[in-house]
Structures are given as structure tokens and as C-alpha cells.
Amino acid sequence: MPEYTGKLNFYLSAVDSILKAADDKPTIGILLCRDKNNVEAEFALRDINKPMGISEFKFTEMLPENLRESFPTIEEIESELKNIENE
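Numbering (UniProt numbering), first residue to last: 1 to 87.
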């Protein structure tokens, strides 16, 4: 996770410098994780001064069955993220 918080901090800085307008609210970074590790999260975020949150999210457990078909599967999301990383 530390490598992702550093990358997220980089992107937040870029958005604030390049895209954010004067009347925009502060940019917030959200990092979703498969597993919860409070110690790792504490050390990864301790000296980060931008608003950032880390969450373990179980999307499929919270979403009603009739809506699940409308969203991509976890596997489809992971595949798309891998494609983005490889670009």
C-alpha cells in the first residue's frame, strides 16, 4: 500500500496544480483495498498532508441483487486497471 499512497499523493498534487479551479473544494484521494491492515495504513498515511482515505469495500455484499448486473464485475475492473497500468 505505501507505493499506492505515494502515487495517489502525486496525482492529488497534479490535480491541485493543473486542473483545480480557485473556487473548487480540496481534492480528496480515495484508496480502496481488498484487505484491511491498520498498521500498514497508519505508516503509509502518517506524513501525508492531503485529505486521503483508505477503505476496505465489499461492493458485491452491499449492492442489491437486481443492481449487480448494471455494474462491471471485480474481474472486469481489475482487468481494466491492469490495461491502464500497462499503457
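Keep in mind the hints are simulated off the structure, nothing from the lab. Since we're looking at a predicted model, the values are computed, not measured. Hints should not be assumed to be uniformly reliable.
[Claimed, not checked] With beta-carbon atoms standing in for the labels, derived distance ranges: (1) 65 x 10: 34 to 40 Å; (2) 66 x 20: 14 to 20 Å; (3) 28 x 84: 16 to 22 Å; (4) 10 x 40: 18 to 24 Å; (5) 77 x 28: 19 to 25 Å.
[Said to hold, decoys possible] Once the Cα atoms are required to be at most 27 Å apart in a straight line, the calculated BS3-like pairs of lysine-lysine come out as: (6) 7 x 20; (7) 7 x 50; (8) 25 x 82; (9) 25 x 50; (10) 82 x 36; (11) 36 x 20; (12) 36 x 7; (13) 50 x 20; (14) 50 x 36.
Think of the CB as a built atom: it goes at the ideal place given N, C-alpha and C, for glycine as much as any other residue.
(message) Hinted pair, alpha-carbon criterion (27 Å max): residue 7, residue 50. Please report holds or violated.
(response) holds (12 Å)
(request) Compare the distance between the alpha carbons of residue 25 and residue 82 with 27 Å, and conclude whether the hinted pair is satisfied. (result) violated (30 Å)
(message) For the hint 14 to 20 Å, verify it against the beta carbon of residue 66 and that of residue 20.
(response) violated (38 Å)
(message) Quick check on a hinted range of 34 to 40 Å for residue 65 and residue 10, using CB atoms only.
(response) holds (38 Å)
(message) Check the hint pairing residue 25 with residue 50 against an upper bound of 27 Å on the C-alpha distance.
(response) holds (12 Å)
(message) So if I understand the rule, the pair passes when the alpha-carbon distance is 27 Å or less; does residue 50 with residue 20 pass?
(response) Distance ~14 Å between residue 50 and residue 20 Cα, so the pair holds.
(request) Would you mind confirming whether the straight-line C-alpha gap from residue 7 to residue 20 stays at or under 27 Å? (result) holds (18 Å)
(request) Measure nothing beyond the straight line between the CA atoms of residue 36 and residue 7; if it is 27 Å or shorter, mark the hint as holding. (result) Distance ~19 Å between residue 36 and residue 7 Cα, so the pair holds.
(request) With respect to the beta-carbon atoms only, verify the hint that residue 28 and residue 84 lie 16 to 22 Å apart. (result) holds (20 Å)
(request) Take the C-alpha atoms of residue 82 and residue 36, compute the straight-line distance between them, and say whether it is at most 27 Å. (result) holds (22 Å)
(message) A range of 19 to 25 Å was offered for this pair. Does it hold for the Cβ distance of residue 77 and residue 28?
(response) holds (20 Å)
(message) Given a hint of 18 to 24 Å, does the C-beta separation of residue 10 and residue 40 actually sit inside it?
(response) holds (19 Å)
Hints 2, 8, 11, counting from the list given before, are not met by this structure.
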